[in-house]
Amino acid sequence: MAEMFIDCDSFFASCEQAINPSLRGKPVAVVGSAESTQRGVVTAKSREAKKYGITTGMPYFQAKKLMPNGYFIRGKPHVYLDFSRKLHDKLVTYGKYVHPCSIDEFHVSCPEGYEAAISIAEDFRAWTRNILGITVTAGVADTRVLAKLASDMGKPDGLKVIPYEDISKEIDALPVDDLPGIGYRTAATLAKRGVHTLGELRAFPKELLRPLMGVRVDWLYDSIEGREPAYGWGLPFKTKSMSNDFTLLESTADEDVIKAHLLMIADNLAGRLATENMAARVAHLHLRYTDFNDVGGSFTIGYDMTLTDHIMDALLHLYKRIYVPGRSVRLVGAGISGLTKEIQLRLPIDEESDIGRRIRDVLGDMSSRFGPASIRRASVACSTGMIANMVNPLTAGVTISKGL
Amino acid sequence: MYGDLPCPISVTARFSKGAISPLAFLWSGRAYKVSAITARWAKRSGAVVEHHFAVLSGGPDVYELELSSETLTWRIVKVYLPDGSTYS
Ligand SMILES: [Mg+2]
Chain A
1 MAEMFIDCDS FFASCEQAIN PSLRGKPVAV VGSAESTQRG VVTAKSREAK KYGITTGMPY
61 FQAKKLMPNG YFIRGKPHVY LDFSRKLHDK LVTYGKYVHP CSIDEFHVSC PEGYEAAISI
121 AEDFRAWTRN ILGITVTAGV ADTRVLAKLA SDMGKPDGLK VIPYEDISKE IDALPVDDLP
181 GIGYRTAATL AKRGVHTLGE LRAFPKELLR PLMGVRVDWL YDSIEGREPA YGWGLPFKTK
241 SMSNDFTLLE STADEDVIKA HLLMIADNLA GRLATENMAA RVAHLHLRYT DFNDVGGSFT
301 IGYDMTLTDH IMDALLHLYK RIYVPGRSVR LVGAGISGLT KEIQLRLPID EESDIGRRIR
361 DVLGDMSSRF GPASIRRASV ACSTGMIANM VNPLTAGVTI SKGL
Chain B
1 MYGDLPCPIS VTARFSKGAI SPLAFLWSGR AYKVSAITAR WAKRSGAVVE HHFAVLSGGP
61 DVYELELSSE TLTWRIVKVY LPDGSTYS
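As they're listed, the protein sequences go chains A and B.
Residues in the first sequence are numbered from 1 upward in steps of one, following my numbering.
Residues in the second sequence are numbered from 1 upward in steps of one, following my numbering.
Calculated from the structure, these hints are not laboratory results.
Do not take every clue at face value.
Computed list of lysine-lysine pairs in DSSO-like fashion (alpha-carbon distance at most 30 Å, straight line) [stated by the list, open to error]:
| # | chain 1 | residue 1 | chain 2 | residue 2 |
| --- | --- | --- | --- | --- |
| 1 | A | K26 | B | K78 |
| 2 | A | K50 | A | K65 |
| 3 | A | K90 | B | K78 |
| 4 | A | K64 | A | K51 |
| 5 | A | K50 | B | K78 |
| 6 | B | K17 | A | K86 |
| 7 | B | K17 | A | K90 |
| 8 | A | K26 | B | K43 |
| 9 | A | K64 | A | K50 |
| 10 | A | K155 | A | K169 |
| 11 | A | K86 | B | K33 |
| 12 | A | K96 | B | K43 |
| 13 | A | K26 | A | K160 |
| 14 | A | K26 | B | K17 |
| 15 | A | K51 | A | K155 |
| 16 | A | K26 | A | K64 |
| 17 | A | K341 | A | K96 |
| 18 | A | K65 | B | K78 |
| 19 | A | K90 | B | K43 |
| 20 | A | K160 | A | K96 |
| 21 | A | K26 | B | K33 |
| 22 | B | K43 | A | K86 |
| 23 | B | K17 | A | K96 |
| 24 | A | K64 | B | K17 |
| 25 | B | K43 | B | K33 |
| 26 | A | K51 | A | K65 |
If we strip away everything but chain B, and leave its shape as in the complex, we get (with noise of 0.2 Å):
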């Protein structure tokens, strides 16, 4: 039901005092309104740092997106579900 991940994806966020939020993103056609950020971590490979955001879309359903400090692109790159399973 989701199709491939990890997928690319345009995202809206906000960038203020160091701190980034993803405020919306557009998934395979469809856009999603972050309604709340649940979790951000940080993943450190040498210098290269992925950001990571688990976010929700008024649903149960939470998504992993994950910006590259490298590339500076956005990826969907898991779906929690409520079941404690993970779509990836």
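Pulled out of the complex, with its shape left as it was, chain A reads as follows (with noise of 0.2 Å):
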């Protein structure tokens, strides 16, 4: 198996370079919109404007101070939407599955392996070159994460190979930052521990860094050790997360009150992954003390979660670890992230035990009595009356947990 990453090279301008040839090997920044340059920031820079430190998103006055005869091109959009679509429709004749991350960058599966790989990208390669004019980078290696470094690291017109047997060899030396997925922050986090290179990370005992890190340290570790993360290609960094949070009427102890609103919020985001058609691998609980103390934790679960009481198990775990008994609550946040439209693993569901339907019944029959507008005070309500007795669907969670 091989994973490709395709990277056209300073796109914008490269296509402002393809259609004007007097721009080619010169300093080319594009700006702005179709209707000024003057009041726009660069959007993209070719290779030769890079030297003169333009950066993407920095002002036109700024960009013109650093670089006064270089040459400002207007945007267009349509153009390079139409050069995009041309990639993607040459991309998909290899046969392979292609997954387009933004346009001008694709992913491409190979299961045949390097050669396989190697040799598409030789073709596409030479393909954008002769027919569209501008150059791309490709990166190869066993994972996405991967070959989108190995495509940073042959930049520009390269074709760059990380194999299993090398991924040390190859990456160790670089900072952490250059792993795709890392920011400022996290790198802020790994430096205050010494952590600077790829090869210091690899070196770092890995469970000390989950206290700060909570689940990116596996997706840290998977990435540079080669393996697909759990979650699936870039995740959690990305803003695919779903969260909803109630703060109490009343401050409380009571842990059924607790449980009854974490309940509700799990139901809610199971609804929101329905409507989405998507699962989730990782439940964030977060509870704020009466003193104004927040307290949270992260747990990612082996399987992807679909239902109510997927979540709700989760929770209940988080919430077993983290809640303080006799401490009082005012507010009661959960949330879900590792978010995946490809629902790998799905667990038999015994229609006569369905808890996650029994959950939903409860809080049907609570809204239908109530009102949707007023589900948080009838769930407080009922919270250690029906909830806890009647159909008890917190103990039953805890009760699947033991399960799985």
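Both chains come to you apart, so use the hints to assemble them.
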């Protein structure tokens, strides 16, 4: 199995240089929109413009100061979109799974392995140069994260391969934030521990980072050790997450009340997952005590959560770990991340004991009796009675966790 | 020096295997032979597709030609100059 990452070099600027050959080899910055270059910011710069210190997002006047003799071109989004469509149309002719990541970036999966991936990369690179007049860089590796890193390393106009056995040799000298997905915050957290390069990260005891970084630790080490991260590509760094919280009408240390709120949140999240036809891998819990101290944590589940009781199970697990009995809580919040549309593992659901459905029935009953607007009040009112005793989904949730 | 743009023009083009290639065009009484097509792209608005071609004619200026799928007429819409500016 090989993964390939395709990334066009200075895409917008390259398109402009393809159209107008006089601009090739010159410092070109694509600026703003069709109306005016003067008011815009730099949206792309050619390889040559980078040498002047031009960066994406830089205002025109500043770029003009750094590069007084540079070429400032108004953006033509429809042209770039059409070029992008052509890139995609060409890539799918190779018969592999193609996943567009942005206007000029694509993942291509090659189950046949490295040789197939490399020959596709070579053919595609020749095609883009000859037909479109732009250059692309391809990265090939065992995983998508490393394939993207390889393409970053191979820029510009390159083909970079990181075979599994050379991962350490190839990437260990790189600063940690070269790894796609590591932002400056994570880099700063690591730097405080004396970890500046990917090699230092590899040598650092993983479990010492877990309290600081939670589940991202697994993502990190999966990435640098050449395993496809359990959550899939890029997660849980992307914004793909859902959360919900309730400030309680009255602070309480009544665990049934707290759990009833968790249940409502879990059900709300499950409903949103169902709407989006998605599943989640990670659950987050957040409690705020009356003294405004916040506690929280994340829990990664070994399967794809889709139902209320899946989420509730994970939340109860977290709850038991972080809640200090007797402390008064004023806010209950929970969320899910590691969202995916590619649901790979479904638990068999026994229709007779579908606890998730029973929980939804109870909540449905509550909201039909009290109205959706009063569901918060209703649940608090009923939590010690109906939920805890009649249906007892909370105990059931704990029971499920033993079975998994 | 170029007059008003866009401007309707006469174009000799080859249509083969789904690809359109302008070969020469007549604009303001002057004939331009296409020496190279540097880029082509499509602009879609509803069912109408405008085919755009950036072409050279021996010199450094780049001429953007447009063929409308609706009217099957050609226009010259823009000229890209060597200094990076455009005339339109
Ligand atoms: Mg790019």
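Each hint, compared with the structure:
| no. | hint | verdict |
| --- | --- | --- |
| 1 | A:K26 with B:K78 | holds, 21 Å |
| 2 | A:K50 with A:K65 | holds, 14 Å |
| 3 | A:K90 with B:K78 | holds, 28 Å |
| 4 | A:K64 with A:K51 | holds, 14 Å |
| 5 | A:K50 with B:K78 | holds, 28 Å |
| 6 | B:K17 with A:K86 | holds, 17 Å |
| 7 | B:K17 with A:K90 | holds, 16 Å |
| 8 | A:K26 with B:K43 | holds, 27 Å |
| 9 | A:K64 with A:K50 | holds, 13 Å |
| 10 | A:K155 with A:K169 | holds, 19 Å |
| 11 | A:K86 with B:K33 | holds, 27 Å |
| 12 | A:K96 with B:K43 | holds, 28 Å |
| 13 | A:K26 with A:K160 | holds, 26 Å |
| 14 | A:K26 with B:K17 | violated, 35 Å |
| 15 | A:K51 with A:K155 | holds, 15 Å |
| 16 | A:K26 with A:K64 | holds, 14 Å |
| 17 | A:K341 with A:K96 | holds, 19 Å |
| 18 | A:K65 with B:K78 | holds, 28 Å |
| 19 | A:K90 with B:K43 | holds, 19 Å |
| 20 | A:K160 with A:K96 | holds, 19 Å |
| 21 | A:K26 with B:K33 | holds, 27 Å |
| 22 | B:K43 with A:K86 | holds, 13 Å |
| 23 | B:K17 with A:K96 | holds, 25 Å |
| 24 | A:K64 with B:K17 | violated, 45 Å |
| 25 | B:K43 with B:K33 | holds, 24 Å |
| 26 | A:K51 with A:K65 | holds, 14 Å |
The structure is inconsistent with the numbered hints 14, 24, although it conforms to all the rest.
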